[in-house]
Structures are given as structure tokens and as C-alpha cells.
Amino acid sequence: MAVDMKMPILIVDDYKTMLRIVRNLLNKLGFSDIDEATDGTDALTKLKSRRYGLIISDWNMQPMTGYELLQKVRANESTKSLPFVMVTAESKVENVIAARKAGVNNYIIKPFSAEVLKAKLKTVLGDF
Amino acid sequence: MTGKGRLDLVERLTNECIDVCLAVLRGRKYLAPLLDPSFRVHKLQRAVNEQKTAVGEMESAVDRIMTAVERMSEIDFTDSDAAAQRVGECCIEVMEACCFQDITGQRMSQVSETLGAVEDTLNFLSDGLDESTLPESKTLLNGPALPGGGMEQDVADEILADDEGKQEARG
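Chains as they are written, first to last, in the working numbering: chain A, 27 to 154; chain B, 185 to 355.
Hints listed in this document are in silico derivations from the structure and should not be mistaken for laboratory results. Hints may be right or wrong, so weigh each one.
What the hints assert, rightly or not - Derived lysine to any residue pairs resembling SDA-like cross-links, with alpha carbons at most 25 Å apart: (1) 118/A to 332/B; (2) 148/A to 302/B; (3) 54/A to 256/B; (4) 148/A to 262/B; (5) 118/A to 242/B; (6) 54/A to 262/B; (7) 236/B to 224/B; (8) 144/A to 266/B; (9) 54/A to 231/B; (10) 106/A to 343/B; (11) 118/A to 296/B; (12) 144/A to 271/B; (13) 42/A to 251/B; (14) 118/A to 231/B.
Just so it is clear, the structure is predicted and the values come from calculations on it, not from any experiment.
Isolated chain A (complex conformation) (with noise of 0.2 Å):
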């Protein structure tokens, strides 16, 4: 089934410019609705009030992680199966494994380059 590239897709990340690249980046791959949460919390909060195709998250901010939102994510009835990618700049290999046990879908170590973004989206939500 082919992407819709005109689904809500909610970026999360506590630094502002970050944000800014994802979002050109996304635009730059042919996504249109895009929103932003600065953290765990707010994102939790525009995940009540909107229903989006894809998460993309940091893993480090405050007051909550990216890996506490994915564990909220996954615990929630309506968002359990929502696609979840982590984009980060923690890149331990228990980090890794920690988010696949809480059913992260795919991992980005920052800084990554367009083609990475593209090629992990491409694995989660098929061919675009």
C-alpha cells in the first residue's frame, strides 16, 4: 500500500534547530503535515488532541526522554502500533537495545544525512 505523504507526522526534539532540519527534511521528501513537540510531555499532550501516521523523536530531553514518550507511546491503547523512530545522538549499544525492547521501530544515531532519514522511513512505513 502506498504512503500516504500527507499524514500527520509528529517530530520531537528539545533543540529548536534540530526540529527545523527534520521538518526540511521531510519537507524535502514529499511531507506535508508536520508538527513539533520540544519533549516527551508536549508530545504526549498533542498526541491526545491529533491522531499522526509517525513519531520522531531525540531520546535526550527534559522533563521527559524520548525513550519515556516511546514506553507512553506503546502502554496507550489508541497509539500502541504508531510508528516510532528515534533520532539521537546516545548511541550505546544498550541504548539501542533498551528502545527495541520498548518497541521503538527503526534508530537514527545523529548526525545522520537525508538519504539515512529516508532509508529508515522507508523500512517502517514502506516504499515512497
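Let chain A serve as the given structure and place chain B on it in line with the hints.
Chain B in isolation, oriented as in the chain A frame:
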């Protein structure tokens, strides 16, 4: 000076010496974390390396951005389709390079945290060892890896793929 006066003086001096010794001992106790080899190696040395790495990453990012801008300035716009394609490629190059701000920001946070620990201890010592001035220790995540010390994307992919394989095998 009378014999009692001498005794009082000796007693006062002795008590002052004891107070000084106690203060030195308490100071040593609170300086110990900073003097610990693990702090010097893992925190101070890491802070120095983080700072050097951040400077290198900033230089590299600026070089990437400048190169992309120079390439854009050299584009021949007589072929508008090809020019648009090249401008788009240069824009992506600039956006990718701007990732440095997040990474170097996290590196500088590690440096600030380490300098903050040193500053807090020095303040504590200069404030007369008032324990109420000692901040609570914080546990931060590891942050970005230093060159040669991190995990590449393909290793993360292998871990995810391996886990997927095991889950499939478990049915």
C-alpha cells in the same frame, strides 16, 4: 604572663589547631571526588576531549556549509531544471551540516556539567564548608560519543535486525 595565663593561651592555641585540622580534614573529604583519578580521567579529560571535538565539528560544519554555498554561487541558471536540482542538493547539504548544533550543544553541556562540579566544590570550600550549599548530583545520559568511541549507524541497524530475527524465530 602568669602560669594560668600561659595555660589559657596554650589551650586556646590547641583548640584553634584542632579546628584548623578538622576543617582541613572536612575539606579533604569534599575535595576527594575531584581528586579521585576517575573524576580526572573520566570527567575532566572527557570535558577537554568534548571541547576539542566540538571545535572540530564546528569547523567541519562551517566548511560543509561554505562549500555548499560556493557550489550554489557557481550554478549555471541557464538550464533551470538542472539548476533547481543542484540548488536542492546544496540545501540538503546545508541542512545536514546544521546537525552539528545539536551535537556540539550536548558536548558543551557535558563540559558545563564538569566545570559546574568543580565550581560547586570550590564555592563550598570558600563558603566555610556549609553543606547546605552543596548541590544534588545529577545523572545525565551519556551524550554524543567521542571520535572512535561511538556506535555507527550500521551497528545500530544490526542490533535492531538481530532482535527482529530473534522475535520472528520465537514466532
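Find the hints from earlier in the document that the structure breaks and name them by number, from lowest to highest. 2, 4, 9
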